Amino acid sequence: MSSDDLLTGGHRDAGPHDVDLDRVWLGVAEQVWRRRPGPVERAAGRLLRSPGLARALVTTPSLLLGWVIATAVVLIAGVGFTLGTGQPWVALLAPAVAAAGIAYAYGPGIDPAWELSLSMAVSDRIVLLVRALAVFGLNAALGLVASAASGAAAAVTFGWLVPMTAVCALALAAATVTRSPNVGVAAGSAGWLIAILAGQAADGRFTTVVTDSSLFLPYLAFAACCCAVVLAATRIPRGTR
Amino acid sequence: MNVELTELTRKFGRVRAVAGVNLEAGPGVFGLLGPNGAGKTSLLRMMATALPPTSGTMRLLGRDPGAYGPRREIRRRLGYLPQTLGYYPGFTVAEFVEYFALLKDMPPRQVPRAVAAAIEQVGLGDRARAKLRTLSGGMLRRAGIAQAIVNEPELLLLDEPTAGLDPEQRVAFRALLRDFGQRATVIVSTHLVEDVGAACAEVALMDGGRIVFHGTPAELIARGEGSGAAGDAPLERGYSAALAAARSVAAA
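Going down the list, the sequences are from chains R and S. To get the working numbering, take the position in the first sequence, counting from 1, and add 13. To get the working numbering, take the position in the second sequence, counting from 1, and add 11.
Simulated from the structure, these hints should not be mistaken for laboratory data. Being a predicted model, the structure only gives us computed values, none of them experimental. All C-beta atoms in this analysis are idealised placements derived from N, C-alpha and C, irrespective of residue type, glycine included. Hints are not guaranteed to be accurate.
[To be verified] Derived contacts from chain S toward chain R, CB cut-off under 8 Å, selection only:
| no. | residue |
| --- | --- |
| 1 | F23 |
| 2 | R25 |
| 3 | R86 |
| 4 | Y91 |
| 5 | G97 |
| 6 | Y98 |
| 7 | Y99 |
| 8 | L113 |
| 9 | K115 |
| 10 | P119 |
| 11 | Q121 |
| 12 | G136 |
| 13 | D137 |
| 14 | V182 |
[What the hints assert, rightly or not] One-sided and incomplete, this derived list gives chain R residues near chain S with beta-carbon spacing under 7 Å:
| no. | residue |
| --- | --- |
| 15 | D33 |
| 16 | A83 |
| 17 | P121 |
| 18 | G122 |
| 19 | L131 |
| 20 | V135 |
[As the list claims (entries may be wrong)] Where chain S lies over chain R, by a calculated footprint (3+ residues, C-beta under 8 Å):
| no. | stretch |
| --- | --- |
| 21 | 38 to 44 |
| 22 | 62 to 68 |
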């Protein structure tokens, strides 16, 4: 029995002869398989004016719920230590946590379909930029909430945002150049640890690294250099003709 | 011509993976044959704009992929299946195909219908809502083919597309290739000479980064006749004879 027979119960004369069953089925499949974007993806699509970019954004590994929860747990632990010891642990932890998130935002080491992404109309460089900014923004917001909750002084509450920019840029540059998120995390964490220890060696306080405003300009200059490295590493050279 | 390559070269350090390839291809199915390490994958990656060439000229779909705007236009009209398909294990087949349809900048309203059509074309309709991690190797390959054809590409690049497919699926896939070849340029890199014989109107044989033979499958078969070259089928003997001839010329 053919599919036409199945549709008409075997009474061929009873059914319409011009029904394109393939077309009908595709219409059904389209409705059944259609994915409804969540509110975050819809909002991102409107903001970025690109549904593809929005979809790429909501699939960022370090923006998935598990990662965000892990980040929150680390920062809550930092709040606990800060309240217990009186030292600004949140300000010291937040940049390292953000650097890990940035390193795991996008790239050949973390994105399984990286090779395919390289041939897509939505540029991998734009995807990298959008994902990195989103991860940075989320981590900054979580860090600020944690810092405020820990009752740190205002200088400490906001002071770590500038070094966090530099540490994140270092992690992103290392992850992009080496094509390994783990190297990015290691570089960001090591860089931050060295900065903390250098600050302590200079004036005996390991909070110098987040409270000394004279360091902000060097931090920003360093971040700019790292961003230039990222741009250079992700550029497709001209001159293919 | 949808593909125009002139003296296209790609080096990895001191190794010349692709060494001055000249190639033109219009609509139809074009087979790319060659032993391992011949440079087929590097050539395909350059045509997919995933790998920039070291030197040479490349025009795809009448555009220069070296400039941002034209490259984006090419990518909208391009389908690419890499040799090793990376995938998101938690995505369903439909989500995977949809993801790449969106990254290809397809108009969002057209995406659901195009996704359904691509999945049906590769025969994965009954697994459309299955997670990719639950699929067999052959099914994953078909999901990869679905993402490559979802935008009805004008240039379709397939690297070992039949790897992992069973004979029945291979036959169906060759029919799909011939269908696409009516309206697009399809370049298929493969080890399986029977795929070339069944689906390709033109074939190029690569060795050592160069194209050492370019012609029709019938011309390749003719190379093997009376040559005493190894092979169980006429096309295999032609492949072996053309390869041996190129190597003896290179050695001389």
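Comparing the hints with the structure gives:
With a cut of 8 Å, the hint placing F23/S at the interface with chain R is violated, because the nearest CB-to-CB distance is about 14 Å. A distance limit of 8 Å between C-beta atoms decides the matter here; for R25/S the minimum to chain R is near 19 Å, and the interface restraint is violated. The interface hint given for R86/S is met, as the beta carbon of that residue sits about 4 Å from the closest beta carbon of chain R, less than 8 Å. The interface hint given for Y91/S is met, as the beta carbon of that residue sits about 5 Å from the closest beta carbon of chain R, less than 8 Å.
With a least beta-carbon distance of about 4 Å to chain R, the hint placing G97/S at the interface is held under the 8 Å criterion. Interface restraint check for Y98/S: the shortest CB-CB distance to chain R comes to about 6 Å, inside 8 Å, so the restraint holds. With a cut of 8 Å, the hint placing Y99/S at the interface with chain R holds, because the nearest CB-to-CB distance is about 6 Å. Annotation: interface hint on L113/S holds; nearest CB of chain R at approximately 4 Å, less than 8 Å.
With 8 Å as the threshold, the beta carbon of K115/S comes within range of chain R, its nearest partner Cβ sitting at about 5 Å, so the hint holds. Against a cut-off of 8 Å between C-beta atoms, the interface hint on P119/S holds, since the closest Cβ of chain R lies about 5 Å away. At about 10 Å, the closest approach between the beta carbon of Q121/S and any beta carbon in chain R exceeds 8 Å, and the interface hint on this residue is violated. The beta carbon of G136/S is positioned within 8 Å of a beta carbon in chain R (closest approach about 7 Å), and the interface hint is therefore held.
Because the closest C-beta pair between D137/S and chain R is about 11 Å apart, greater than 8 Å, the hint is violated. Interface hint status for V182/S: violated, as the beta-carbon distance to the closest one in chain R is roughly 20 Å, over 8 Å. Below 7 Å, beta-carbon pairs count as interface contacts, and D33/R has none with chain S, the closest being about 13 Å; its hint is therefore violated. Against a cut-off of 7 Å between C-beta atoms, the interface hint on A83/R is violated, since the closest Cβ of chain S lies about 17 Å away.
Hint status for P121/R relative to chain S: violated, with the closest Cβ pair at about 9 Å, above 7 Å. For G122/R, the interface hint is violated, since its Cβ never comes within 7 Å of a Cβ in chain S; the closest pair sits about 11 Å apart. Because the beta carbon of L131/R sits about 4 Å from the nearest beta carbon in chain S, less than 7 Å, this interface hint is met. Below 7 Å, beta-carbon pairs count as interface contacts, and V135/R has one with chain S at about 5 Å; its hint therefore holds.
For a cut-off of 8 Å, the count of residues in the stretch 38 to 44 of chain R with a CB near a CB of chain S stands at 6, and the three-residue condition holds. Against chain S, the stretch 62 to 68 of chain R contributes 4 residues with a C-beta closer than 8 Å to a partner C-beta. That satisfies the three-residue criterion, and the hint holds.
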